[in-house]
Amino acid sequence: MQMDNKKHNSGVPIMDAETIRRALRRIAHEIIEQNADLKSVVLAGIPLRGTEIARRLAEFIREVAKIDIDTGTIDVAMHRDDVGTRAELPMVHASKLPLPLEHRTVIIVDDVLFTGRTARAAMDAISSFGRPARIQLGALVDRGHRELPIRADYVGKNLPTATREQIQVRLQNVDNEPDAVWLFKE
Amino acid sequence: MSTNWSRKDLLGLRELSADEINFILETADAFKQVGTREIKKVPALRGKTLVNFFVEPSTRTRTSFELAAHRLSADVINISATTSSLTKGETLKDTARNLEALHADILVLRHSSAGAPQFLAQRLKSSVINAGDGAHEHPTQGLLDMYTIREKRGRIDNLHIVIVGDILFSRVARSNIFGLTKLGARVTLVGPSTLVPREFEKLGVTVSNQIDKVLPDADVVNLLRIQHERQRKEYFPGIGEYTTLFGLTKERAKSLKPDCLVMHPGPINRGVEIDSEVADGLQSVILDQVTNGLAVRMAVLYLCGGIAT
Amino acid sequence: MSAIIIRNGRVVDPTNKRDEVGDLAILDGKIADKSAIKNQKAETIDANGLIVAPGLIDMHVHLREPGFSHKETIESGACAAAAGGFTTIVCMPNTLPAADNPATIAWIKDRAAATACVNVLPTGTISKNIAGEELAPIGSLGQAGVVAITDDGHCVQNHELMRRAVEYARMVGLPVLDHCQDYNLVGNGVVHEGYWSTLLGLPGWPAAGEEAIVMRNILLAELCDHHIHCQHVSAAGSVRLIREARARGVKISGEVCPHHIALTDEAIQNFDTNYKMNPPLRSKEDVDALLEGIAGGTLSILCSDHAPHAGFEKEVEFDQAPFGIVGLETELGLFIDLLVHKHRKIDIVRLIKMYTVEPAKLLKLDAGTLSGGAPADITFIDPDLEWTVALDKFQSASRNSPFDGWKLRGRAVRTIVGGKTVWKL
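Protein chains in written order, with the working numbering: chain A, 1 to 186; chain B, 1 to 309; chain C, 1 to 425.
Just chain A, same shape as in the assembly (with noise of 0.2 Å):
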């Protein structure tokens, strides 16, 4: 997940709201196909946009297999391994799990996987709730670039990029701006 939320004047587009909404549906019919008991699901979303992306799943999945799927919040600011190198401080929020855990498959729900650590740092959140049976991760976008051993179970797109280029995901109910997801050459 990126971290700063500059105007995108000088951005391609890479999705559009359609190309989301049909990559978001996809990934809930996957996630139906994979999961036997959809009861032991929980779609946990990393804050703010994961949160987002994990509603609008279990909405798709509520409407294609008439499931009401648990879904949870899992901030990752308090788990990172870098505070205090960064000059500003993230943002924490309360984590909400449905509890136990144990015998329950939780799937990390973000908007971009790119170097891991906020998936790593999402695995640790969740350890201190509990020992989940099985913990997968779905993205939106994964551009690579991976600095540790992490792999996406559900990918939106694949988007190869430079390291120095930004991407950026917009989602109407969180920033007030049609769907898309950005590229930035910077």
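If you're looking for bench data, these hints aren't it; they were derived computationally from the structure.
Bear in mind that the values here come from a model prediction, so they are computed numbers and not experimental data.
One or more hints might be untrue.
[To be verified] Partial selection, computed: residues in chain B whose CB lies under 8 Å from chain A: (1) A30; (2) Q33; (3) E38; (4) V42; (5) Y302; (6) G306.
[As the list claims (entries may be wrong)] Pairs of lysine-lysine, DSSO-like flavour, derived with a Cα cap of 27 Å: (7) K202(B) to K284(C); (8) K41(B) to K96(A); (9) K17(C) to K345(C); (10) K17(C) to K34(C); (11) K393(C) to K407(C); (12) K250(B) to K152(B); (13) K40(B) to K96(A); (14) K152(B) to K96(A); (15) K251(C) to K364(C); (16) K66(A) to K157(A); (17) K342(C) to K407(C); (18) K251(C) to K128(C); (19) K254(B) to K213(B); (20) K39(A) to K96(A); (21) K96(A) to K32(B).
[To be verified] Simulated restraints on C-beta separations: (22) L245(B) to E315(C): 38 to 48 Å; (23) P100(A) to R46(B): 21 to 31 Å; (24) N22(B) to R62(A): 28 to 38 Å; (25) D347(C) to E100(B): 48 to 58 Å; (26) K250(B) to E315(C): 44 to 54 Å; (27) Y183(C) to G266(B): 31 to 41 Å; (28) P100(A) to K93(B): 50 to 60 Å; (29) R46(B) to D288(C): 56 to 66 Å; (30) S112(B) to P97(C): 24 to 34 Å; (31) N188(C) to K96(A): 48 to 58 Å; (32) Q122(B) to Y183(C): 24 to 34 Å.
Glycine included, every Cβ here is placed at the ideal spot set by N, Cα and C.
Assemble the complex: chain A is given as a structure, and chains B and C must be docked to it using the hints.
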């Protein structure tokens, strides 16, 4: 998202803006959740060293800070006046510089001299957190009191908060006054005129010596601990008289509004400033204050200690 | 025979009612008539644009020797005085040992004679060891050469003892100076009791604590028919009491220190110990009363209460720090800037009077005039010179002052003691 927080120290509430206070309370919401987890620990301050430097002794506040630091994965050292070299004549400045030489990242200081945390903050690169300086401020207590009010009543502005007791010598009272008035609450101070001088009205609060007139209109009653030490003997005649005139007895508690909160920073003197039954009663949020104190202190340590130096 | 002629200065000599542009002659360390040096080879000093005044007297200075030479010595204090434009300073007796015996007085006088570049006049204590319990040997102190007695730093609380001290001092002809502080009312107060002490939770030092002792002194001055001088007056009530008593002819007077009109208690909010003095900085109302007191003549003497402390002593928790600031090198600049230029309460002539004629009269000194034959103690003042206070350039051994960086208008530019220039800008 990044925060706008830029202070390395928390010295008092008087210099904070309303936005900053609200921000700390919101951050405390996030940290309160950590206390409900199976593993009550996050790595946010991993590798940081926190020194509890309690020149004036305290078990409760120190324990709270210590636990907050542990939950953030910081390393904690406790120094008290008796175990420090202050008894050997070392000045406060030298003691603190020695701690800095040991790379202490955060210094939590409780001291009997007003202005001592400020003194250190000006001279050290470490974060300095005021855990109580003389009669001046006790900012984390003020914050946890406000957090508790906000949690139970949903807001702080336009509530009537009544603080009862020895206001003149109370750092808890001052921090509460600064924080609450800044967030728009209406504050009334009640106590003997010797301990609640009219001068306080210049701080934007009301002063009263008539507890029975004030209680029915209160949304929150915060009772301060009354001590009758040597220094106070000239200020009021004794515990018995204090309780008769100002104690929150069972009888007096009946005049409170049903949703009025009863608060106390602790430790309580049962039967003096508050009746035992009232302390344990339904309106009492005294234990919530303790739980919230932990969340607030985690928030403060995260914010101040997390700023890169 | 050494001769000096000072030319074209505005010679201000209130005693001799002189205020005119002209010349002043010095012969062998004494003021002389110009005609006396007609045939001499005389050094000329050009005083164009400057005021040539009798050497200024600061009658409230702590020189710290014997016993506290890490804060200041008689030598360094005298240098500070010269740099401030003072030719005579009166030093307080709270040394170690206290100046409560002739031997210590003799030591101080010898030390001053050997090392001080300005005139140093000692005071003796009122009580033995400044303990406030028994009378000091006031008669012997008078013979040893003290110019007054005071327990400054402390205050005799026992009114009966004070009464006897005043009666005794009357017998030997010594004025009594008093640091007015009622210990019970003041308690462990460190800042003015008012809005700021309430806000910050610091123990307050109520004005009533000073006023109560001023009242005590007025009653005793009347009872004993002897002069009592109230030191460093800081409170509006004290000014009022002194004014009313003087109107009735009571032998009471008061002095003011510059910090009590330059600052108010608002300055303490950062717990900077350079703003911690005794008596403390007070409210704007008190400052206004002091200004009126000076304008109306109720408060007749200006001084510094120069109180040096070493850096490590002041760099501690606020309530632990010793009281006081250095003042010799800033007082004249502050008073000219505030009283003459900013608040326009008095003119420069009256200011000079408050530093010369008035203390000389109170302490019965042969000083404060430019009369023929008087010692050539002269202060040159540029009342319009703009300068910035630079602590690191001070002559004093200590640096405890809140005025670093202040821009002031008015300064002494040359100090002559006994005909010799001991300092010039």
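Outcome of the hint check:
1. Because the smallest distance between the Cβ of A30(B) and any Cβ of chain A comes to about 4 Å, under 8 Å, the interface hint for this residue holds.
2. The beta carbon of Q33(B) is positioned within 8 Å of a beta carbon in chain A (closest approach about 4 Å), and the interface hint is therefore held.
3. Evaluation of the E38(B) hint against chain A yields a held restraint, the C-beta minimum of about 5 Å falling below 8 Å.
4. For the restraint placing V42(B) at the interface with chain A, the shortest Cβ-Cβ distance is roughly 4 Å, inside the 8 Å limit, so the hint holds.
5. Using the Cβ-Cβ criterion of 8 Å, the hint placing Y302(B) at the interface with chain A is satisfied: the shortest such distance is roughly 7 Å.
6. Contact between G306(B) and chain A, as hinted, is supported at the beta carbon level, the nearest pair being about 5 Å apart and thus within 8 Å.
7. Distance check on the hinted pair: K202(B) and K284(C) sit about 16 Å apart at the alpha-carbon level, within 27 Å; holds.
8. Note on K41(B) and K96(A): the hinted pairing holds, with a Cα-Cα distance of about 15 Å set against a maximum of 27 Å.
9. A threshold of 27 Å between alpha carbons decides the hint, and for K17(C) with K345(C) the separation of about 21 Å falls inside it, so the pair holds.
10. At roughly 18 Å between alpha-carbon atoms, K17(C) and K34(C) fall within 27 Å of each other, so this suggested pair holds.
11. With a C-alpha separation of about 15 Å, the suggested pair K393(C) and K407(C) falls inside the 27 Å cut-off, and the hint holds.
12. Distance hint between K250(B) and K152(B) is fulfilled; the C-alpha atoms sit about 22 Å from each other, no more than 27 Å.
13. Annotation: proposed proximity of K40(B) to K96(A) holds, straight-line Cα distance about 14 Å (limit 27 Å).
14. Taking the CA atoms of K152(B) and K96(A), the gap is near 20 Å; set against the 27 Å cutoff, the hint holds.
15. Our distance criterion of 27 Å between C-alpha atoms is met by K251(C) and K364(C), whose separation comes to about 15 Å.
16. A threshold of 27 Å between alpha carbons decides the hint, and for K66(A) with K157(A) the separation of about 26 Å falls inside it, so the pair holds.
17. Proximity of K342(C) to K407(C) is assessed by CA-CA distance (about 12 Å); at most 27 Å being required, the pair is judged to hold.
18. Using a Cα cut-off of 27 Å, the hinted pair K251(C) and K128(C) holds, with the two alpha carbons roughly 25 Å apart.
19. Distance hint between K254(B) and K213(B) is fulfilled; the C-alpha atoms sit about 13 Å from each other, no more than 27 Å.
20. Among the hinted pairs, K39(A) with K96(A) is consistent with the structure: their alpha-carbon atoms are about 17 Å apart, no more than 27 Å.
21. Taking the CA atoms of K96(A) and K32(B), the gap is about 11 Å. The hint holds against a cut of 27 Å.
22. For L245(B) paired with E315(C), a C-beta distance near 44 Å keeps the hint of 38 to 48 Å intact.
23. At about 26 Å, the beta-carbon gap between P100(A) and R46(B) stays in the expected band of 21 to 31 Å.
24. Remark: the range hint 28 to 38 Å for N22(B) to R62(A) is upheld by a beta-carbon distance near 36 Å.
25. A C-beta distance of roughly 54 Å is found between D347(C) and E100(B), which places it inside the suggested range of 48 to 58 Å.
26. Our hint of 44 to 54 Å for K250(B) and E315(C) holds, since their Cβ atoms are close to 52 Å apart.
27. Between Y183(C) and G266(B) the CB atoms are about 36 Å apart, so this pair conforms to the stated range of 31 to 41 Å.
28. For P100(A) and K93(B), the Cβ-Cβ distance of about 52 Å falls inside the hinted range of 50 to 60 Å, so the restraint holds.
29. Look at R46(B) against D288(C): about 58 Å separates their beta carbons, and that is inside 56 to 66 Å.
30. Under the hint 24 to 34 Å, the C-beta atoms of S112(B) and P97(C), about 33 Å apart, fit the expected range.
31. Distance hint for N188(C) and K96(A): a CB-CB separation of about 52 Å, consistent with the stated range 48 to 58 Å.
32. Checked against the hint of 24 to 34 Å, the C-beta distance between Q122(B) and Y183(C) comes to roughly 32 Å, which is consistent with it.
Checked against the numbered hints listed earlier, the structure breaks none of them; every hint is satisfied.
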